[in-house]
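The residues making up each chain are set out below.
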Amino acid sequence: MKTQPIDAFAEGMTAEMRAAVHEGSKIGHEKRTKLLFDHYANPNRLRQLAGEIKQHVVENLDTYLPALESRLVANGVRVHWASTAESACEAVHGILKARGARRLVKAKTMVSEEIELEKYLSDRGIESLETDLGEFIVQLDHDRPSHIIKPIMHKNRRQIADLFERHGLGPYDDEPAVITQRARQFLRHKYLEADACVTGANFMVAETGRMVIVTNEGNSRFCLAGTPCHIALVGIEKIVPADRDLGLFLNLLARSGTAQQLTVYNEFILGPRGAGQPDGPEEVHVVFVDNGRSDVLASECRDILRCIRCGACLNVCPVYRQASGHAYRGPYSGPVGAVLSPLMLGERFAEKADLPKASSLCGACNEVCPVDIPIPDLLLRLRDKAFALGIRSPGTPPMGAWAVLASHPVAWRAAMAGGAILNYLPTKLVPVRALRAWESSRDLPEWRGGAFRSWFKRHAKAPASGPNDHG
Amino acid sequence: MHAPKRSPYSGKRVQLMATCLCDAFYDSTALATVEVLEYLGMEVEFPEGQTCCGQPAFNGGDWPSSRKVVRHTLEAFAGDLPIIVPSGSCAAMMFHGAPLAFEKEGDRDAVVALGNRTWELGDFIVNGLGVRSWPGYFDSTVAYHRSCHTRGTGTPEAVATLLRSISGLRLVELGEAEQCCGFGGTFSVTFPHISAAMGELKLDHVGLAMPDVLVSADMSCLMHLGGIAHRDGVPLKAIHFAELLMQALARLA
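Chains as they are written, first to last, in this note's numbering: chain P, 1 to 471; chain Y, 1 to 253.
None of these hints come from the bench; they were simulated from the model.
Any given hint could turn out to be false.
[What the hints assert, rightly or not] When the alpha-carbon atoms are kept at most 25 angstroms apart in a straight line, the in silico DSS-like pairs for lysine-lysine are as follows:
{"#": "1", "chain 1": "P", "residue 1": "Lys31", "chain 2": "P", "residue 2": "Lys2"}
{"#": "2", "chain 1": "P", "residue 1": "Lys457", "chain 2": "Y", "residue 2": "Lys12"}
{"#": "3", "chain 1": "P", "residue 1": "Lys190", "chain 2": "P", "residue 2": "Lys97"}
{"#": "4", "chain 1": "Y", "residue 1": "Lys12", "chain 2": "P", "residue 2": "Lys461"}
{"#": "5", "chain 1": "P", "residue 1": "Lys150", "chain 2": "P", "residue 2": "Lys119"}
{"#": "6", "chain 1": "Y", "residue 1": "Lys104", "chain 2": "Y", "residue 2": "Lys68"}
{"#": "7", "chain 1": "P", "residue 1": "Lys461", "chain 2": "P", "residue 2": "Lys2"}
{"#": "8", "chain 1": "Y", "residue 1": "Lys12", "chain 2": "Y", "residue 2": "Lys104"}
{"#": "9", "chain 1": "P", "residue 1": "Lys34", "chain 2": "P", "residue 2": "Lys150"}
{"#": "10", "chain 1": "P", "residue 1": "Lys119", "chain 2": "P", "residue 2": "Lys190"}
{"#": "11", "chain 1": "P", "residue 1": "Lys385", "chain 2": "Y", "residue 2": "Lys68"}
{"#": "12", "chain 1": "P", "residue 1": "Lys385", "chain 2": "Y", "residue 2": "Lys104"}
Just so we're clear, the structure is a prediction, and the values are computed from it rather than from any experiment.
I would like the entire structure built from these sequences, with the hints used as guidance.
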């Protein structure tokens, strides 16, 4: 039986990986919910407000982007525009080449995953080292992140201890404190050896040109303090209008992402090191990356560009919990990835048109989203889009005949009566794929087609007969 | 979820949307719905031409087919009476899903109007009729599975209010209550592995809470969970809350 790629992936996962993903996402979700509702009388109102602000930004990017650019330039930041993944990589490479830089330290940035920066640079002789602990482990293991903020959610600490031992970072020890300490020892002097650093940005403030980067390990601060050149890779949707909005967004981001009141390290960067400032990069570059975002903006699903990459929708999603982020075949997974990834492909939408199908449309993602993105509606729109493009995914029952039946009451009633044959047939022999998929793990209840209609007719004739009238 | 805000109903007549699932499998649920409504003094009409709300094709991505069925439903439920449906999912299809599928259609207003008069049963009893307690007796432990398409609607609170008011009834919470049971309409057959795994997880929580009865506002969830439990040979008493309401009344007598 040909199945959906995500379902097949989930089926093939090891029990160890499934347990790690389930535990990690469940804990993340439960802590987040407790914290939000402990601290705010009406967190849903905050989510809606943040959603309105980001929607406003998304719909006015054409004015916010140039306004932000002129603030950045006035602040001494050099601005680059990249329409594709390749041109974003080229921009970074160009900056590094001009400085003769060979070694790079990186703080966590999903855009760099998206544009596959590490490979591009290593092909050109430039070494880039991940400094976020999770990303460092992913890099060491030649793996891929499976979660936008917890990249190693799919691994347990025994696997990490094994990995460290194999790479000569010390004898096997799966104590998280020891693992962290060893990574820190390895990384600490790398900051000083590096010629430049690459980071993402969580927010860009249009009013002031302020760039905000949050991390929990302080690795972004080491990157900025230890290297002379800072390159920030920024998706064009990362804007908030004014500094005053940061209070709302930083509170929601930390609570939704990691269930913290505030992320531990919050960098607010206005530009390169000024006269009299003891440290900080002498050169700051912002590379604005489109890479399909304009296609998203032009679509009916532009609301997804509100996303602040907190990962709350991944944590709560029952499909993500069963399938892990790797099932989504790209850096963005879970509900947000199921909307974003196919749309960012533009004309190659069909390659990931199966992703929006990987949802029971339960709506939990919308309920937790800090910017209130109506993700289920967007998944539905993409299913409609795929259907209109003639894309048929495996296992989806054809609906045309059903629609004819369901708009002709006489035929419908006949089908209701005829369905009773299911009570007598060995369903394994019925060549209807949907039935066989149902029966793969579930029994059907007894078919009682039309029984209610008969009862109601008798009941309507004798309305006073009461509860003894059950047919 | 766009759930319509509406005023209480002071009339007597209502239309019943029985749902295709009750038409095919769960006549007992549709029957209990009629009895609950009649007990509350309603005159229940059953438009004979009704078939399905159109959700299977809507969720499956075949919106043209879905619109065809919604247009039929529009015709079948002519008039302006409240439409009562013993399913949070079909109700949400009427007031949230269908308007989305009709965004660019000339007859969208009629579809929105249809949605605005469609109520899930529990929501109607509590928020439509203002009934806040149920006068029966039910000496059992009950778990209420909050079906996903009632998120953001009046249903979860309404059903919990009714259940809590029943004398003798002990309501227990399920762990990870926000998690979907795994049914999801066509999802259950296009992602059979994940769907079943989600169902097993829900059943694990039911096993931990050990209710005598599992109730829901949606038979689709219970069909899926019941189907897995039956296959696994695990006994599970799962009924629509309308049936519980009628059983509670009967035990009072």
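Hint check results:
1. P:Lys31 / P:Lys2: Violated. Lysine 31 (chain P) to lysine 2 (chain P) sits at ~38 angstroms, over the 25 angstroms cutoff.
2. P:Lys457 / Y:Lys12: This hinted pair holds, its Cα atoms lying about 20 angstroms apart.
3. P:Lys190 / P:Lys97: Within the cut-off at roughly 20 angstroms; holds.
4. Y:Lys12 / P:Lys461: The given pair, whose Cα atoms are some 19 angstroms apart, holds under the 25 angstroms limit.
5. P:Lys150 / P:Lys119: holds (21 angstroms)
6. Y:Lys104 / Y:Lys68: holds (14 angstroms)
7. P:Lys461 / P:Lys2: With Cα atoms ~51 angstroms apart, lysine 461 (chain P) and lysine 2 (chain P) exceed 25 angstroms; violated.
8. Y:Lys12 / Y:Lys104: violated (35 angstroms)
9. P:Lys34 / P:Lys150: holds (19 angstroms)
10. P:Lys119 / P:Lys190: holds (19 angstroms)
11. P:Lys385 / Y:Lys68: holds (18 angstroms)
12. P:Lys385 / Y:Lys104: holds (14 angstroms)
When each numbered hint is compared with the structure, violations occur for hints 1, 7, 8.
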